[in-house]
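Asker: Chains as they are written, first to last, in our numbering: chain A, 1 to 465; chain B, 1 to 655.
Do not take every clue at face value.
What the hints assert, rightly or not - Sample of chain B residues with no beta-carbon within 10 Å of chain A, all distances over it, derived:
no.	residue
1	S168
2	D189
3	E246
4	R249
5	D437
To be verified - FRET-style restraints, in silico, Cβ to Cβ:
no.	chain 1	residue 1	chain 2	residue 2	range
6	B	N643	A	S448	51 to 61 Å
7	A	E133	B	Q148	16 to 26 Å
8	A	G206	B	P490	48 to 58 Å
9	B	N643	A	K92	37 to 47 Å
10	A	K164	B	F173	26 to 36 Å
11	A	D88	B	E644	53 to 63 Å
12	A	E163	B	E644	32 to 42 Å
Treat the hints as calculated values from the structure; they're not laboratory data. Given the structure is predicted, the values throughout are model-derived calculations rather than measurements. Even for Gly, the Cβ is constructed at its ideal location relative to N, Cα and C.
Now for the letters of each chain:
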Amino acid sequence: MNPSNPPQTAEYGGDEVSAIVLDPGYSTTRAGFAGEDAPKSLIPTYYGKYNADGQEKFVYGDDIFVTPRPGLSIHNPIGRDGIVEDWDMAEKVWEHSFTSRLTGAKPGNPFQNGLNDIPSEELPTEMEVESEEKPLADSPLLMTEPGWNPAKAREKTIEIAMEKWGTPAFYLARSGVLAAFASGKASALVVDIGASNISITPVHDGMILKRGVQHSPLGGDYISSQIRALFKKNSPQPITITPHYLISSKNAVEAGQEPQVKFKTFAADKAPDASYRALLEERTLSEFKECVVQVWPGPNKLSATGPNGISNEDAARSSPGRPFEFPDGYNQVFGADRFRVVESLFDAKAAIPDPDSPFPTLPELIKASLAGVDVDIRPHLLANVVVTGASSLLYGFTDRLSQELMAQFPGPRVRISAPGNTAERRFGSWIGGSILASLGTFHQMWISKKEYEEHGANIVEKRCK
Amino acid sequence: MRTPSRRKRDKALKEAALLYPNRIISTMPPFKDEHILLIAPGSQMTLAQLGLPETFTPARFRFPTRMFPAEKKGEFEPYKVRERKRDVKVNSDTNGAIEHKAPDVEMKDGDATAQNSTNGTEESEKTVQEIFYEEDVTSEEGAVYPIQNGRIVDWPCFFALLTHIYNSLSPPFHTPILLVSQPVWSARDREAITQFVFEKFKVPGFSMMDAALAACYGFGVQTATVIDVGKGKVDVTAVTDYAVNEHGRGIALEGCGGDAMTDRLVELLGGRASLGRCASNSSEATSRRFFPLAYLPPRRQSCRCRLDWRGDGVDAIPRGPGEGTQTGGETNGDEDEGVLDVAAIVSGDTNEYLANMEKEKASNKKAGADPKQPRLPNSKKEKATFQFEEFVQMEGDNSSQRYIRNSREIELGVERFLLATPSQKIGDRLSNGILEDIATQVHHTILAVPDATKRSELWDSLIIVGCGSKVRGFIQALLAVINKKFILSPSATIFTSEIPSTFTTPLPTGGTNTPAPMGMATPMYHPAAPGVSQLLVNATHNQHGMPIPGTPGMDPNMPTHHRSTGHSQTPTSVKTLRLPEYFSDFKDQGNSNAPGSSTGPSASTGGHGPEEAAFLGAQMGAKVFFVLDQGLSKGYMSRVEYNESGPSAIHEYVL
Numbered sequence: 001m002n003p004s005n006p007p008q009t010a011e012y013g014g015d016e017v018s019a020i021v022l023d024p025g026y027s028t029t030r031a032g033f034a035g036e037d038a039p040k041s042l043i044p045t046y047y048g049k050y051n052a053d054g055q056e057k058f059v060y061g062d063d064i065f066v067t068p069r070p071g072l073s074i075h076n077p078i079g080r081d082g083i084v085e086d087w088d089m090a091e092k093v094w095e096h097s098f099t100s101r102l103t104g105a106k107p108g109n110p111f112q113n114g115l116n117d118i119p120s121e122e123l124p125t126e127m128e129v130e131s132e133e134k135p136l137a138d139s140p141l142l143m144t145e146p147g148w149n150p151a152k153a154r155e156k157t158i159e160i161a162m163e164k165w166g167t168p169a170f171y172l173a174r175s176g177v178l179a180a181f182a183s184g185k186a187s188a189l190v191v192d193i194g195a196s197n198i199s200i201t202p203v204h205d206g207m208i209l210k211r212g213v214q215h216s217p218l219g220g221d222y223i224s225s226q227i228r229a230l231f232k233k234n235s236p237q238p239i240t241i242t243p244h245y246l247i248s249s250k251n252a253v254e255a256g257q258e259p260q261v262k263f264k265t266f267a268a269d270k271a272p273d274a275s276y277r278a279l280l281e282e283r284t285l286s287e288f289k290e291c292v293v294q295v296w297p298g299p300n301k302l303s304a305t306g307p308n309g310i311s312n313e314d315a316a317r318s319s320p321g322r323p324f325e326f327p328d329g330y331n332q333v334f335g336a337d338r339f340r341v342v343e344s345l346f347d348a349k350a351a352i353p354d355p356d357s358p359f360p361t362l363p364e365l366i367k368a369s370l371a372g373v374d375v376d377i378r379p380h381l382l383a384n385v386v387v388t389g390a391s392s393l394l395y396g397f398t399d400r401l402s403q404e405l406m407a408q409f410p411g412p413r414v415r416i417s418a419p420g421n422t423a424e425r426r427f428g429s430w431i432g433g434s435i436l437a438s439l440g441t442f443h444q445m446w447i448s449k450k451e452y453e454e455h456g457a458n459i460v461e462k463r464c465k
Numbered sequence: 001m002r003t004p005s006r007r008k009r010d011k012a013l014k015e016a017a018l019l020y021p022n023r024i025i026s027t028m029p030p031f032k033d034e035h036i037l038l039i040a041p042g043s044q045m046t047l048a049q050l051g052l053p054e055t056f057t058p059a060r061f062r063f064p065t066r067m068f069p070a071e072k073k074g075e076f077e078p079y080k081v082r083e084r085k086r087d088v089k090v091n092s093d094t095n096g097a098i099e100h101k102a103p104d105v106e107m108k109d110g111d112a113t114a115q116n117s118t119n120g121t122e123e124s125e126k127t128v129q130e131i132f133y134e135e136d137v138t139s140e141e142g143a144v145y146p147i148q149n150g151r152i153v154d155w156p157c158f159f160a161l162l163t164h165i166y167n168s169l170s171p172p173f174h175t176p177i178l179l180v181s182q183p184v185w186s187a188r189d190r191e192a193i194t195q196f197v198f199e200k201f202k203v204p205g206f207s208m209m210d211a212a213l214a215a216c217y218g219f220g221v222q223t224a225t226v227i228d229v230g231k232g233k234v235d236v237t238a239v240t241d242y243a244v245n246e247h248g249r250g251i252a253l254e255g256c257g258g259d260a261m262t263d264r265l266v267e268l269l270g271g272r273a274s275l276g277r278c279a280s281n282s283s284e285a286t287s288r289r290f291f292p293l294a295y296l297p298p299r300r301q302s303c304r305c306r307l308d309w310r311g312d313g314v315d316a317i318p319r320g321p322g323e324g325t326q327t328g329g330e331t332n333g334d335e336d337e338g339v340l341d342v343a344a345i346v347s348g349d350t351n352e353y354l355a356n357m358e359k360e361k362a363s364n365k366k367a368g369a370d371p372k373q374p375r376l377p378n379s380k381k382e383k384a385t386f387q388f389e390e391f392v393q394m395e396g397d398n399s400s401q402r403y404i405r406n407s408r409e410i411e412l413g414v415e416r417f418l419l420a421t422p423s424q425k426i427g428d429r430l431s432n433g434i435l436e437d438i439a440t441q442v443h444h445t446i447l448a449v450p451d452a453t454k455r456s457e458l459w460d461s462l463i464i465v466g467c468g469s470k471v472r473g474f475i476q477a478l479l480a481v482i483n484k485k486f487i488l489s490p491s492a493t494i495f496t497s498e499i500p501s502t503f504t505t506p507l508p509t510g511g512t513n514t515p516a517p518m519g520m521a522t523p524m525y526h527p528a529a530p531g532v533s534q535l536l537v538n539a540t541h542n543q544h545g546m547p548i549p550g551t552p553g554m555d556p557n558m559p560t561h562h563r564s565t566g567h568s569q570t571p572t573s574v575k576t577l578r579l580p581e582y583f584s585d586f587k588d589q590g591n592s593n594a595p596g597s598s599t600g601p602s603a604s605t606g607g608h609g610p611e612e613a614a615f616l617g618a619q620m621g622a623k624v625f626f627v628l629d630q631g632l633s634k635g636y637m638s639r640v641e642y643n644e645s646g647p648s649a650i651h652e653y654v655l
C-alpha cells in the first residue's frame, strides 16, 4: 500500500473507533476497517434463495459455492450496470458483509457484565430494552459507488446506512477516485476492469470529472461469455462445463478424450436452479481465466502481422499451449484460442460471434473518456493511468493496454500504474477508501447523523461530490 | 541452548532500543517459561496450561466448556450445584440462618427433594430442614454452553469460564496469556475478549493466535491448509507464509463436524439398538457426545478403519436414561435386515462395500467352526462391541443423589462404517455427506488463495486437526473423496511441467510478494532449535497477520516475457502432513488414524494425538512471542499498549 498521506496519529481523532469501509461490487462485496491494508471480509454479492420447511431461506457468503441446497436459486441485488436493483436484498447482503467478520451480529452485547460487577438489583432494568440494537451503531461508514450512480440510488444508500444500520457518520465516495488514492494519485485516469463492467474514470485533484466517465459491460463476465462461445465451437467436440456438485466421481482421461464420469442426479423437485449451475460454471471459468487465458501482448492486434512478417496469430499458435481440466475430467490444451477470448476487449472485430451485441472496446472507451475532459489535463491523465479491478489481472493485460495507448496517443507520455500485488489490484477502491477514512483531515467530511436528520437524504448530493 | 537464545534476545533488545528510543523496553522483566498461561477454548472442551514444559506436551488441563447458572442471575458456577435439604434437630444456633434461606427451596431439584421435604416435615416437627449445597460433578443438567459452533453465544458465561480457568490455575502476577482464537470470532469479539482479559486479569501481556495458524506452528510449516473438524463445525483455512488467508476461508461450516457423524449413527441405529433408543430419548444430551466406537469406510478401499473416539474424559461417555441396557435380544437375521434397509438408501459405493461385507462374513463363518470367534482386528469384525461406563443413580436410595458406575456393553454392526454417509433426512443439503462438503470447501478455499503459485503446495500440505478427525479412517476417507472429485488427470498436467511456479516473478497473476525470501522452505521444528530464528524473521516481517502483505510500487511495466504464462491448475496431488516425530507426547496416538492399525478399544484411553496440534503450536507461539523475542515482533500486546490505544489495537497483534 502506498498512501499519499500516511494516517497521522496525532490528528486521528481522539476516540479510536475505526470506520468501516464498504465497497460493494457486482461480483464481490468488500468490507473492512479503515486503516488496514486489505478488507477483512470478502463475500460474493450473489446470494442464494431456497425453500425449506415451508419457509424461504437465504444463503449469504462463500457458502453458496460450497453446499448445494434443494431448489437453490442464485440472485444478485445489483444490476448488470453496477446500479442496485433490489434494495432490500442489497441491504441484507451488505449487512452480512460486515456483520459476519467485523462487527458481529450484535455489537454492544451485555458483555460488560463480566467486567462490571454490578449486583443485578442495581442494574437499571430499562437498560436492556434501550434502543433496538443496530449493526453499525458505533462505527462510521464509508461506502463506494460507481461514477454513474444516479442521485436516487445515492439517497437510498444513505437512508439505509443511517436508518437501518444506525451509523453515526456516513460518506459516499466514487470508487474511481478511491482507486486513484490507492495508487497515491490525486489525478489519474482510472481504468477499472470489474466483473460486469469496465469503467474509465478521469479524476482531477480528487474530484471526479463526470463528463468523462465511461463504462461498458466488457468486464469479466463478458470474457466468460467469450470463453463459452469458444467452448461451443471447440473441436473435436464442444465443451460443456459441468460443475463439481453435479459430479460424483471422475476418471483420468487423455487430453481431448470423452470424459469418464459418474454424474450425480437430483430429484426434479430438489435440483438446484439453473442459476446455481451458472454461478458454479463461472467459478470454473474464473479458474480457466487464471490458468489459461492470456492477453496478446502486442504490439498491434492479434489479427495483424508482426514486425518480422509472421502473422501474430501464428506467433500465438507457436507459443506453448496451456492445458486445462474441467470438473468432469475432460482436458485439453488451449493454444492460440486462449489469446482470442480477450482480444475483443481491444479489437471489436476479433469478438467470437455470440448473440451479445458489440460494445465499444477499451481503447475506444478511453478515447471517449478523454474527449470528455479538458484538453489541458489530458496529458496529465495519460501519464497517470491507474489500472484496477480483478479482471485486469488477466495475464498480459497491462502490457497490451500500454501498447494500445501508446499507439493511440503517440504524443504524450503514457504511463500505466498497476500494482503488482494481487490484492491491491483487486481491492483498489477499497484500499483507497481505507486510506481516505483514516486520514485525519477527512473527519470534517463525514455526514453526521444530526446533519442527516436536519437536511434529509438529499445531503449526500451536496456533500459527496 | 539457553545462552544463544539469551544472547539473541539481548542483541534484539539493543537493536530495538535504537529503533524506538522513546519506548521503554527493558523495564518490564522478561517473561519466564513457567509463567505463561495458555487457553484454547473449544465448543466442547477448553484446554489450558500454565507454563511451558521442557518438551511440549498435550494440554495439562481440560475444562468442559460449560458453566452452570448460579443462584444469582448473571453469575456462573463451574459445576452443577444442587441444593439439598437435610433434617436436623432444632438447634437454636442455626435457626436463624436456616429460616432465611428457606424460601429458595422450591425452585430447584424436582420431585425427589420435594417429596423428601414433605416426608421430613411430617415425621417430626422438631426437626428443621437445613439446606446445604453440593457440587454434582457428573451432572450436565442446566449447563450453559457459551461456545457453539465456535461462536461465543453467551458472553457472561464465556467470561465466567475464563475466570474459572484463570482462578483454578491461579497464575502468579507477571503472567501473560495466550488465547487460541476461533476463526469465526469477529473483530469485535476479539476486542471484547482483549478488554476483558486486560481489565479483569490485569495481565502484563496478551496474545491471540488463530487456531489454524497455531496448527501450522504445531506442524512446523509455514504454508498449509488446515482442516479443523470440531464438534458441530469445520473450519478450512489456507495459511501461506504464516499468514492466514481470510478470503475464501471456510469458517464454521455447520453440520460437518463430529455431531453430524453422531447424528448419522443414531439415525442408522434407528430404534433398533438400545443405544439408538437412549439417543433418541435424550437427543439433546447425546448430541453432545460421541459414541466410543464406530467406523468409517474409506471409499473404495477394502481396508476398513475404525473410529477411535475417546471423547474428552467424562464428557464423552454416553449416558443412557437408566436401566434399559440390552442389545442382545435381537436375532442376527433381524439385524442384517436392518442393515440392508439402510444400505438400500445409501450410495453405490456403500452397496459394494456391503457386498464385500457379506462375503467376508461367509468366509468368516466357514473359518470359524469353533464357537469362539477368531481374533480379528476390530475393523474386520462384522460387529464390534464396546463397553462404556455410565453413572446410574443408586437404586432404592432416591433421596441421595449418589451414583454408581455401571458399565455396559453395546454392540454395533456395520453401521459403524457408515458415519459419513449422507443422512436420510437430507434436510437442506444435497451433497453426499460431510466428507464431500469438506472436500468442496477445501477446493474453494485453496482456489481463493490469491497467490496461485502457492496452491499446489497448499494441496500437498493438508493438516487435519480437531477431535472430529479422530474417527478412524476419517483422513483417508477425506483424501479419497478429494482424489475422486478434484485431482487432475496426469494428461492435463503433463505439459505444465515448467519450472516450479514458485520461481516466477509475482507480477500480475503471480500474486503476493512473499515476506519470506525464497529458499526458506526448511520447516521450523522446535523453538529451541536453530529454526527459531526463521520463525522470528517471519514474525517480524509479517506483523499484521494480514492475508496479503502489501508491498508498494512494483513497476508494472517491467517486461514479463521471461515468465512462463500464468500458472498451472491444481491439484495434481494431495497429501497430508505428519506431526514432527520428536513430540513424543503427541505421537502416542499418532498412528491412530493410519489404516490397518486397529488396536482394541482399551488402547483408546490415553494421550492426545495430532488432533490437538493447535495446542502444541500455541505453546511454540507462546515461547516465541513471550520468551524469545519479548514482544519485538509484535507477537503480543502489552499492557502499556492496551492503555494507550485500547482494545481495538489487538488487531495489529492478532496472529
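Asker: Each hint should be assessed against the structure and marked as holding or not.
Answerer: We went through each hint and held it up to the structure:
Every CB of chain A lies more than 10 Å from the CB of B/S168, the least distance being 17 Å, so the non-interface label holds. Under the 10 Å C-beta cut-off, the non-interface status given to B/D189 relative to chain A is violated; the minimum distance is some 6 Å. A beta-carbon of chain A is positioned within 10 Å of the beta-carbon of B/E246; the least distance is around 6 Å. Distance to chain A contradicts B/R249 as a non-interface residue, since its nearest Cβ pair spans about 8 Å, not more than 10 Å.
The Cβ of B/D437 sits about 6 Å from the closest Cβ of chain A, inside the 10 Å cut-off, so the non-interface label is violated. Between B/N643 and A/S448 the C-beta distance comes to about 29 Å, which lies outside the given range of 51 to 61 Å. The given range of 16 to 26 Å is respected by A/E133 and B/Q148, whose C-beta atoms sit roughly 20 Å from each other. Range check, A/G206 to B/P490: Cβ separation about 54 Å, and the 48 to 58 Å hint holds.
Between B/N643 and A/K92 the CB atoms are about 39 Å apart, so this pair conforms to the stated range of 37 to 47 Å. Restraint check, A/K164 to B/F173: a C-beta distance of roughly 47 Å breaks the suggested window 26 to 36 Å. Between A/D88 and B/E644, the C-beta spacing of about 43 Å breaks the proposed range 53 to 63 Å. For the pair A/E163 and B/E644, the beta carbons lie near 36 Å from each other, so the given range of 32 to 42 Å is met.
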